[in-house]
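In order, the protein sequence lines correspond to chains A and B. Numbering-wise, UniProt numbering puts 228 at position 228 of the first sequence, and it's gapless, one number per residue. Numbering-wise, UniProt numbering puts 499 at position 499 of the second sequence, and it's gapless, one number per residue.
Worth double-checking, as some hints may not be accurate.
[What the hints assert, rightly or not] For each label pair, taking beta carbons as the anchor points, the in silico distance ranges come out as:
| id | chain 1 | residue 1 | chain 2 | residue 2 | range |
| --- | --- | --- | --- | --- | --- |
| 1 | B | E542 | A | T592 | 43 to 53 Å |
| 2 | A | I175 | B | K132 | 30 to 40 Å |
| 3 | A | H193 | B | E542 | 49 to 59 Å |
| 4 | B | F22 | A | P400 | 53 to 63 Å |
| 5 | B | E542 | A | T613 | 35 to 45 Å |
| 6 | A | G611 | B | K132 | 22 to 32 Å |
| 7 | A | I175 | B | E542 | 14 to 24 Å |
| 8 | B | H257 | A | P515 | 54 to 64 Å |
| 9 | A | P400 | B | K132 | 53 to 63 Å |
| 10 | A | R304 | B | E542 | 54 to 64 Å |
| 11 | B | A326 | A | L66 | 49 to 59 Å |
[Stated by the list, open to error] Stretches of chain B that chain A covers, calculated by requiring three or more beta carbons in the stretch to come under 8 Å of a beta carbon on chain A:
| id | segment |
| --- | --- |
| 12 | 143-150 |
| 13 | 626-639 |
[Said to hold, decoys possible] Okay, the calculated bits of chain B under chain A, using three or more residues with CB under 8 Å as the criterion:
| id | segment |
| --- | --- |
| 14 | 126-138 |
| 15 | 180-190 |
| 16 | 614-622 |
It is worth saying that the hints were derived from the structure and are not from the lab. Glycine is no exception: its CB is placed at the ideal position from the N, C-alpha and C atoms.
Number of protein chains: 2
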Amino acid sequence: MPLGDRPGDKSESRYCGVETEFNDDVPHLLTFSISHGGFDFVVAPLMVPSYRPSLVCKNSGGSGALPFAGSDLVLSPSQWSRHVVGKISSWINLDSEDEVLRVDSETTLKQEISWASHLSLQACLLPAPKGKSCANYARCVNQILQNLNNMQLWLRIPLVKTEDDSMDVNSDHLIDSWEVWNSFRLLCEHHSHLSVALDIQSSLPSANSLGRWFGESVRAAIINTDGLSMFVKAPPEANYWVFNHSIQIVLSGKPVHILPKGSVDVAANHSDDIDGGPGHPLRPYLDYVGYLYQRMDPLPEQERFELGYRDFLQSPLQPLMDNLEAQTYETFEKDSVKYIQYQRAICKALLDRVPDKEALTTTTVLMVVGAGRGPLVRASLQAAEETGRKLRVYAVEKNPNAVVTLHSLVKLEGWENIVTIISSDMRHWDAPEKADILVSELLGSFGDNELSPECLDGAQRFLKQDGISIPSSYTSFIQPVTASKLYNDVKSHKDVLHFETAYVVKIHNVARLAPSQPVFTFTHPNHSTDKSNDRYKKLQFEIPNDTGSAMVHGFAGYFDATLYDDVHLGIEPSTATPNMFSWFAIFFPLRTPVCLHTGYSLEVHFWRCSGPTKVWYEWSVTSPSASPIHNSSGRSYWVGL
Amino acid sequence: MPLGDRPGDKSESRYCGVETEFNDDVPHLLTFSISHGGFDFVVAPLMVPSYRPSLVCKNSGGSGALPFAGSDLVLSPSQWSRHVVGKISSWINLDSEDEVLRVDSETTLKQEISWASHLSLQACLLPAPKGKSCANYARCVNQILQNLNNMQLWLRIPLVKTEDDSMDVNSDHLIDSWEVWNSFRLLCEHHSHLSVALDIQSSLPSANSLGRWFGESVRAAIINTDGLSMFVKAPPEANYWVFNHSIQIVLSGKPVHILPKGSVDVAANHSDDIDGGPGHPLRPYLDYVGYLYQRMDPLPEQERFELGYRDFLQSPLQPLMDNLEAQTYETFEKDSVKYIQYQRAICKALLDRVPDKEALTTTTVLMVVGAGRGPLVRASLQAAEETGRKLRVYAVEKNPNAVVTLHSLVKLEGWENIVTIISSDMRHWDAPEKADILVSELLGSFGDNELSPECLDGAQRFLKQDGISIPSSYTSFIQPVTASKLYNDVKSHKDVLHFETAYVVKIHNVARLAPSQPVFTFTHPNHSTDKSNDRYKKLQFEIPNDTGSAMVHGFAGYFDATLYDDVHLGIEPSTATPNMFSWFAIFFPLRTPVCLHTGYSLEVHFWRCSGPTKVWYEWSVTSPSASPIHNSSGRSYWVGL
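Extracted from the complex, chain A is given alone in its bound form (with noise of 0.2 Å):
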């Protein structure tokens, strides 16, 4: 039984389960956690919890059956697979010092894995690492995984607080979390069946620290009655993730609180009990979580249309070499705030460079170079009815099969005696005049990425002295990224080319690690003496010494554009424009992850490299150690010209 509908966001439900003590009839456990609870699931251990290996052999020769809850008949195998995780055996550890406990601990381990296969279980809960050093738990959950069809392994992880000023690389006192994971994970390579429950407890770490895990891989979170009010505390954005990234929710403890009645109205029509027994000691936590569900803000128009996109890599646009389909041109033209934006600029141009009193009597010239089905052609000539000013468009697109469209849409309008049509490329273009203005939009989600400067150095030569550029300045920036999705998704395709690629990616399992900075900046007109398109930046990254130790996997990268004068564009997410979704971000992955420890800063250089046929990114890190250059000499990823 899902949680409740929330308004705008059918596309993933949200199950709650129930952890339970160990109970030999299963059966049973179903009817009084699902039937009669209301809980989805149950998270239910698969063995007697006294029994050990080393114990057996010794008794009964080990010929008897294993100790297990049930047998796989008791259940239908849908039940087993849609109502039940397998919760292992919580007293075993793999890193004990004592080698009966640590030999028990792997053969109990395994036994339980092969079990819970062969009920075809979706997930097994694995209990905590007991202490820092996890590494023979990993050895032998990574073996298991070699051999894993389909079960997810989740490994629970207890959300300890941090202290805030522990600066002491070598200190011992205090066991991060998040570092226990990051450690078991590197183990197991990033393995895509390995996934972390969250364990919300009576305390929360900072924001930051807490921030660390929306990039890495949650699917569920274990709230105790005792951490509820924790969870509730939460900073916003907390709950948030867990509501909007396919985690699974389970309820765990016993019943300390009493919860009102009133908050809980909105689950109430589900809170009935089939068989009038007595009810489920959690349904009111169950029913309050349902509340807290429902009573989050509907998703906003934009967000529910990149749903589909969320954390999907994408090859860049190459417009230069390849010419778009309609159906693209069809969705960009939908985005009206860009053209509104555009609008405001070159009514502000225009007002600069005309003044009132020669508004009858000056026609400006204004090219929109890159024309494509005519959107900005259409924005000029609204400025320039909002403005009162006269203006001659040139229209120039290099694809011919959009150029049909202009010829098209020039006649429905009537615009024959303002607008001229050029099929051209704007770099080859000979031009009968010069132009005052010239508009383009020909930005990538970094910017300078789909070759606009290229581009605008090209057509600058048609462009008037004192002429304008809308955009007159665009600047690209990165910011360091946990993203254990992306990294494993391009890590999915064993080479090296794919880790050094840029990809366009709407970032939403990300943890971003500090505020992004900018990288290669471009204005045009560029009457410098230095033509040169390439660039060189290095950054230095602080992250919050608050976070605790990180995981960087790669950079996630953004623009904003000057279109003129106060007017920008972009999608940086501080100074970001609304509602606007032409451009997704941009996703530069590292080969290898760098993990940065707490009071490291992160050194970042980023070339723009150019051949005589290509543009390409060149990148690398030099603190706190050198990774590989990516994509040497474009070997990889490049923009043709």
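Put chain B on the given structure of chain A with help from the hints.
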């Protein structure tokens, strides 16, 4: 003209070059340095030092020829390639804050390398990075390396002393030149055409700091006349290293010593001037270096035998699954030292087991398990003769081909009444009586890696309760090493499999970063109740503080075996049995080399695991940060049962 001959070291010629100033008359430079000076090659600038691309562009419009020293026609192609190493302009600084200088530097570097490639030079000397930050220099060199055919690039690195007590990881006041190199080569991904030209100046770092270079790709040692005394005073292992690792020597600087005539007598035969003109000012230095080389101790016989195997990766034998060839038996049987140790151990065991007064009445039953072609049978019979004890020998061998040889040996020697040959696998043989002494040589480079434990456990059932196993125990050892050559050879396969394999290798171009530590121990006979041969060991290595940071490419592995009582046999460096050549070391690589900063320790885990048909190792690092677990479930490398 090589440095002369040294007994036993004819395999690699030693050459000596000289660093020169810019000289436009290259033929004269060669006559002076090579014909008169006696050097083998010159390291000469290729371009006028005052050249700056940014100045040229403005003055001449860039239409003139580049100001190279001479043209390609002034020397024959083979003269260029045999006698000239290109010295890249030392003024270049690709990491300067001054953008004009930075761009000029990149242009010049590319022009000079392109010229050197045109001339088919074998190597170019790149100037030392100007500071700690060298990412842009590395980026440019890395681009060049992507398109280089055969030319080597030698990066000049001054051998700068590090302070012993520099514990502050953020201290900027001192540059450890090894770290500059490390950063540079990581950025260039350990490219095999990039190597080091170590510049030996007027001071030397500590022996530990110096020792790091033993595992690096050092192709040249530039000895300044200022630094010659340092070279002479350096620890003997440093001199030994320079002269034993295919390192070209380059003399540099102005004469500053009056070298005693007597010391150079050995080289006097080639110090006469051809045309009676003034001699080369560095000629006495050349003669002195030749003298230093020739006065070195001759190579021991064992090292001469092993020359061809240096740093050559071999797959370990699988003697249990495969049968050895006659050639392999032949080689191992020649290792007389090993059989002398066995004979000593058997003597001691016989004397302990049979008192003098029973010598004539008691017959000891001795079984050689894995008898091969009989060397241990011979050692046993010699021990019996030496001690006057009576013996009944069973020679058990699973290889039917070796059994043929055994039969003819027994017949030839007339051992028919003493020796019984059993053609069987020791694990399955049904013995007619029990043995007093079990003798075997089943050890691999890592002790148990050829499955001695499993074989001897299988044979133990026909050993008397108080019987003796020779060997009675064995222990494996590992130590972390810098081994860029081995790392590169593993990496060249471009897959994970080769990084998860252990290799038998005569390690040579390797820096041993810490003393080796014991890993797994096996004792025979094994009377404990736990018969498992699975093992798990966690090790902590501390690198001496005066080493500085260091790179761990993997682990060198060894073994030491106690044959009986105080008679041991092994290859662990601190206790190795002298002049024994049956075993090289074993090398466990790391998929990503671990950079160990000063003050951090290295935590390493090794597992010995087993399944029904195979035994394998897994290994990982967990500190300073976690590596993947290597070879999970034996997916890449295993030994068949």
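Cross-check of the supplied hints:
The given range of 43 to 53 Å is broken by E542 of chain B and T592 of chain A, whose C-beta atoms sit roughly 25 Å from each other. Our hint of 30 to 40 Å for I175 of chain A and K132 of chain B holds, since their Cβ atoms are close to 34 Å apart. Range check, H193 of chain A to E542 of chain B: about 37 Å between beta-carbon atoms, so the 49 to 59 Å window is missed. A hinted range of 53 to 63 Å holds for the C-beta pair F22 of chain B and P400 of chain A, which are about 57 Å apart.
Taken as a hint, the range 35 to 45 Å is violated for the pair E542 of chain B and T613 of chain A, whose Cβ atoms sit roughly 53 Å apart. Restraint check, G611 of chain A to K132 of chain B: a C-beta distance of roughly 30 Å satisfies the suggested window 22 to 32 Å. Between I175 of chain A and E542 of chain B the beta carbons are some 23 Å apart, a value that agrees with the proposed interval 14 to 24 Å. One distance hint, 54 to 64 Å for the beta-carbon pair H257 of chain B and P515 of chain A, holds here, with the actual separation near 59 Å.
The hinted window of 53 to 63 Å between P400 of chain A and K132 of chain B holds, with their beta carbons roughly 54 Å apart. One distance hint, 54 to 64 Å for the beta-carbon pair R304 of chain A and E542 of chain B, holds here, with the actual separation near 57 Å. About 51 Å separates the C-beta atoms of A326 of chain B and L66 of chain A, a value consistent with the hinted range of 49 to 59 Å. Closer than 8 Å: that is the beta-carbon criterion, and the segment 143-150 of chain B has 4 residues meeting it against chain A, so the requirement of 3 holds.
With 7 residues having a Cβ less than 8 Å from any Cβ of chain A, the segment 626-639 of chain B passes the three-residue criterion, so the hint holds. With 4 residues bearing a CB less than 8 Å from a CB of chain A, the segment 126-138 of chain B meets the requirement of three and the coverage assertion stands. Remark: the segment 180-190 of chain B is confirmed as covered by chain A, as 7 of its residues place a Cβ nearer than 8 Å to a Cβ of that chain, reaching the required three. Remark: the segment 614-622 of chain B is confirmed as covered by chain A, as 3 of its residues place a Cβ nearer than 8 Å to a Cβ of that chain, reaching the required three.
Going down the numbered hints, you'll see the structure goes against 1, 3 and 5, while the others check out.
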